[in-house]
Every structure is written in C-alpha cells, then in structure tokens.
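*Asks:* As a plain string of letters, each chain reads:
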Amino acid sequence: MKESKLSVKIDGKSYQVEPGLAILDACRNVGIDIPTLCYLKGLSKEAACSICLVEVTGAKALMRSCVTPINNGMEIYTNTERVRNARRINLELLLAGHPKECLSCDRSETCELRKIAFDMGIREVRFPKTSKTEFPIDKTSVSIIRDPNKCILCGRCVSVCSSIQSVQAIDFSGRGKASKVTTFFDQGLASSVCVNCGQCLLVCPTGALTEQNETEEVWKALFDPDKFVVVEVAPAVRAAIGEEFAMPAGSLVTAKLAQALRKLGFSKVFDTQFSADLTIMEEGYELISRIKNKGVLPMITSCSPGWIKFAEHFFPGILPHISTCKSPQQMFGAIAKTYYAKKYNIDPRKIIVVSIMPCTAKKFEAKRPEMKDAFKYWQKDLNLKKEDEFYDVDYVLTTREAARMIREAGINFSNLNGEDFDEPLGISTGAAVIFGATGGVMEAAIRTVHEVLTGKELEKLEFNALRGLDGIKVCEVDIQGLKLKVAVANGLSNARKLLKDVGDNKSPYAFIEIMTCPGGCLGGGGQPFSADGEAKPKRMETIYQEDRNKPLRKSHQNPAVNALYKEFLDKPLGEKSHHLLHTHYSRRQEPL
Amino acid sequence: MQKKQDIKTMTELDKIIIKYKNTPGMLLRVIEETQKLDPHKCLNHKTLEYIAKKTKTPVSKIYNIVTFYTFFNLKPQGKHSIVVCRGTACHTRGSRNLLDFLIKYFGFNEPAEGQQTSLTTNDKKFTLKTVACFGQCALAPVVEIDGNIYSRMNPEKLHKIIDPIIKKRKK
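Residue numbers (the numbering used here), protein chains in the order written: chain A, 1 to 592; chain B, 1001 to 1171.
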C-alpha cells in the first residue's frame, strides 16, 4: 500500500507532501529554497554547516532541515527573524575562520560559500579570526590540490569519496580546532588510494579542493617559437565547455571550441576522438582475439584512468581482465609524436601535446612513468639520451582550465562562427563522440566488432539498453548466433558490484565497460561547476546528437585511422601497436 | 632482527583481531589493545595499516579514529602519565592554570595551537597530556596521575602533590 501524503504547513501555507522526506527536500519540492553548504540530495547528509535551520512550531530549538524528517501536521517557518539571525551568525562564524583570498581563489566565481554570504546579505564579518593554525597545503598529487585552510568541514568530499567511489582516501581527522579532512597520517593524496577522479572537487563548496593548474606551462609553450604545440580535445569537453561561457547546459560547441583553440595559438587543433576511433580498432580486435583464442574474459575497458588506479589498488587480481589498450589520450600522444612527426617531418622533441580533458585523473595518467613510448620509439634513430626524455602527452588541462585560457585571451566564445579540426588527427566518427557518455565505449566497440565478425553492415547502431544514467546497465548482443553478454558501470561503487564476480570467476559477461565518474566522462571531475542540477542528462543528449549528425558513425570507417594503419601501424594488434598503443598495469599494494 | 620483531607483533595483532571479531565497537577495542602492546604506549603507521587490512577498514577511517580520541597516542609516551582535564567544567574552574603550571614545571615548550597536547620529558619518564572530559565534573578541576584522579586542584596544591610523586618515580 502506498503511504498517504502528509499535510504540513510551510510559511503559513498548507501543502501535501510525500512522506519520508527531510524538511529541506519537502520545502524545495514545493519551490521554497533553503540555503545549505553541506547537504547534497541522496549523497551527503552530514548536518555540518548549520545554515539550513528552520523554525518548527512546538520545537524548542531551531531544526536542521536537512536531517529533520517531515511529519504530519508539522508547521514550518523558513524565513523568520529568529531563523535569519541564526543562519547569519552561523555563516559569520564560518567566514571568521575562512581565508579572505577570494580575489585570487580558484573558485572565486563558483564558490558556494561566497555566494551564500552574498545572498544572505553579509557585508561585514563581526568575528575576528582567532585561530592561528595554518594547515599545510597538500600538493603531493599531480591531479588535485587540497587546502584545508579553506575547508569548512562540510564533509561532502568525504561522503562522495566513500559512497560514490568506494575509495575512502580521505576522512576527517583530529577534533575541535584541529579538525580537518585528510589522508592517512597526513601523507598526502599521492600516497593514498586516491584515484584522482576529482568528484570531491566537484562537490566542494569552497576553494579547498582544486585541480593542479597547468595553464601557465601551456601558455609558455604556446609562446615558445621553438615548439610545435598541438592540442587534442576529449569528446565530453565539447558537450560542457559552453556552460563556462554562460551558455545553457547541453550546448554543443564543437566548432566554436576548435576555433577558440586555434585562436589561442595551437599549431594544430586535433581531436581525441581520432584516437578514440583508434582505441576501438585496437580494443575491438583485442576482444575478438580474446574470444577466439579463449583468452581472459570478461575483458574490461581501460579508458578511464581513475578506474585503472582503482583496480591496481583494490582489485589487483583482475588486472589481466583489463584491456591492454592505452586510453585515447595516451594513444593520441604516442601517435602525434611518432606517425605524425614522421609524416610531416617534425622533430618529435619539439612537439608539445596538450590534451583537454573533462578529467583530473588524466593529469595523473599522462605522468605515469611508462607513458613515454614515443621517446622510446625515437631513442635509437635520434640518438636520444636520458635527459632528452619526454612524455607522450605533455600537459593536461581540464575543461575548466581550457575555458579560463580562452577567457584570458579575450576570445568571445559564444559569438564564434566555428571551424573544423585539423587533418588528419582531427578526423573522427560518431562512435568516438559517444566515448563521453557512460556506455559509449561499449556501444562503439559493438558497432565495430559486429561488422568485423560478420562482415555485414549493422542495421541499428543505437543500443538503448546501454544508454542513460543508471549505475549499471546490461545487454545481450547477438552477433550471428554468438551471444555476447555485456555490462556497463559508472561510478566506482557500481563497478565494485560487477568486479566481485569477475574476481571469483563467476562473471556472466564477455565485455565490461567501467567509467570512474557518474554519467561517464560528461560527469568528470574536470567539468564545469554546473549551477544546473540537470546538466548531466543534457550533456548526454548533446553527445548522442553529435553522433547522429556525423556522416560516419563506426570507428573502422574513419579514413584517417585507416590511413594510419596503411602508412604506419600495419594492422590492429600489430608490432608497432604493441609498442605504442598498449600498456601494462601493476598492483599497488602488498597482498595480505 | 627488525623483521623478526615485526612478525611477532603481527601474530599478537592477529590474536587481538580474532578475539574481538564481530563484536560491537571492535575497532576501538582492537586499537586500544594494540596500543597496550607497545612499550611506549604508542600506535605506529605499520601496525595501523595492518589492522586496517585485516579488519577491511580504510586507513583514512583508522586515522580518523586515532586522532579523534585523545586516549590514542601517535607519539611515544613517557613511563608515567599526567593528564589535565580540559573539559568545560574544569576549564571554568581554572584547569588552564594547572596546565600552564605543569608545562613550566617540566620545562616544556608551549604546544602549538590546535595541536593535541602530548608532551614528553627528554628522559622519557613523564608525559603531560590533556583530555576533553574525565566525567568527574563535580570534582573539577581534576588531574590524573598514573590512573589516580586528584580533585579540586589549584597550582599550589598540585605542586605539593606532584613534587614527591615525581621525585619518587624519577628513580
């Protein structure tokens, strides 16, 4: 039986609300907003900030609306003098201890604390800063910087790291004034199990969590006449970067983005989607080979670097299941500094590869010590020494950092007419676009694997069972009698559910796609801080729309990828591919 | 030699973990007993990592616990402990003066603000700590010396009590 609705009175007006809600959600459902700095629906319920106070008739004290369940007959007031004063005092106390660096803070524009303080009319903080404690800033990670001095202890990051990602790299430590969010023995994120996904950073209401900023290095390279600076852009970036320029969520700005990057001064504007198509060729053939040769199954995708580090920490036993394919970002770097350098006769030492990613973990991936395959390729021919060593990908910018550079250069992004990517590494198919959404890599792989195995054209390219924002999606694909069960997970706590079976050799699937972030790359830790709570489905729709608009929608149809095989790589899984496009993984923790 | 010692500690730890398996609050008990095992009543990195693995608890959570409770030590402790209560009742009745007196008495440097107070003499004989509350508020302010509570203290009384104890135990 469905529970009947509750009759409540909010600010003097009667409402019928769903049972089981907290006061805050019930109020928001009827259009009354209550400010909060810690609550996140369905995610974080720490009752830490004390901003969401409301007055409930009959209750002695003011109630925190985020954790107080709504009851039948309740009379709630969200805007009384008592409520207002209490909220303001609590906010002023938070502000008293908060650094006043708003002008130069990374989150200056997007800070929730600053916004709430402004909205609540705080123009003066009456309380002086009493605490002299200065916490050290954790800069150990190549992806994320943590500044506990700016932290208001809302607990969102701890909550996301635990519930969404099941990583639990960070937790509170100490008590009273010494409280802070930190890692084991304050060793820093780099020594922890942190997978660099940046979901913590997306939910942080202040500037306590930010990405490692690489824009200065990129500017320097762009103005260096001796360097040939090329850029690659991930699929999910074009579905979100418009939000940074006050465009609505879901604005498709591929052509504007290409033009803006050319204006910034990149010598060539290329596309990670080119190497996404390349990834499908390698990974598709790897899957076929594993199926035909009774290799390790299920095979699991390897594009998401957060997931790779997660597996290395928590599931070292299943590493042989992970495809040996590098991610599209890394394939791009390796190809740009070998094939492209050769074809256009450019000294690979002069090529700087900048990648723009929706992701903070990609910064870590680019700096993995093994990601120097182009250097190894040239070492003999060019007589390179140890000190000449270079990475395949030099700098990784998040969507936000790229937007900042575009703003800094005075480019009026939303008014650009739009241009195309450069050839040949800017050519891509629709299969590559959908890498940006959870389920996309799987769908792209099936499109190719199906046609390679059957030799016939696939009639329906859309696999709707693999689309959408569900945490785990499954589907059975029939390839001329060969029935392939496949699964897709996004968010590492969802991935965990599938991995247990893989570890126990009981997984019913042949192929599994895992994306670290909820929604896939479109919800990545490097994406814009969206004021639109519905940004993810809109970005997703944009990605599928771009796929529909592409004349070619299957990776093996990409003419530039086919030329790459003809002129350089020979064939998928060939000798050169093995050296340049494939990698290995290693266990990060001693077994018990 | 170090390795042998480690293995010995590990087996001791295993015993403790098995003893408290599936009991409520097991983690606190395990950590408490582990601390007792240590000659300096102190928890180190390695043992905590081991407990984390064996109890399938994230190390970040373990660190949360051991930094929250003042009972747990991350620094080697002196043979004798002197604990000043810094709870509200003791504070209003002058426990800050007691702490200041003891810091001076032992010649410690003032601890940094926001840091947990845990000061040990160079000869590793005495450790001075604070606690949030002993639950002995009616007797405030209180000081605990090696497990005995001394009530309604003031610096003069404390001086008279502590002098002979210290002299006796210094030997």
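Just so you know, these hints were derived from the structure itself, not from any lab. Don't take each hint at face value.
Computed beta-carbon distance windows for the label pairs [claimed, not checked]:
#1 Ser289/A / Ile1007/B: 37 to 47 Å
#2 Lys220/A / Met1026/B: 49 to 59 Å
#3 Met1026/B / Pro99/A: 32 to 42 Å
#4 Lys1046/B / Thr57/A: 38 to 48 Å
#5 Ala465/A / Ile1018/B: 13 to 23 Å
#6 Asn29/A / Glu1012/B: 30 to 40 Å
#7 Arg1096/B / Pro136/A: 22 to 32 Å
Note that the Cβ used here is the ideal one computed from N, Cα and C, for glycine as well.
*Asks:* Take the hints in turn and mark each one as holding or not.
*Replies:* How the hints compare with the structure:
1. Ser289/A / Ile1007/B: 37 to 47 Å: 45 Å, holds
2. Lys220/A / Met1026/B: 49 to 59 Å: 54 Å, holds
3. Met1026/B / Pro99/A: 32 to 42 Å: 40 Å, holds
4. Lys1046/B / Thr57/A: 38 to 48 Å: Hint violated: Cβ distance 56 Å, outside 38 to 48 Å.
5. Ala465/A / Ile1018/B: 13 to 23 Å: 46 Å, violated
6. Asn29/A / Glu1012/B: 30 to 40 Å: Violated, at about 55 Å.
7. Arg1096/B / Pro136/A: 22 to 32 Å: 28 Å, holds
Violated hints, in rising order: 4, 5 and 6; the structure is consistent with all others.
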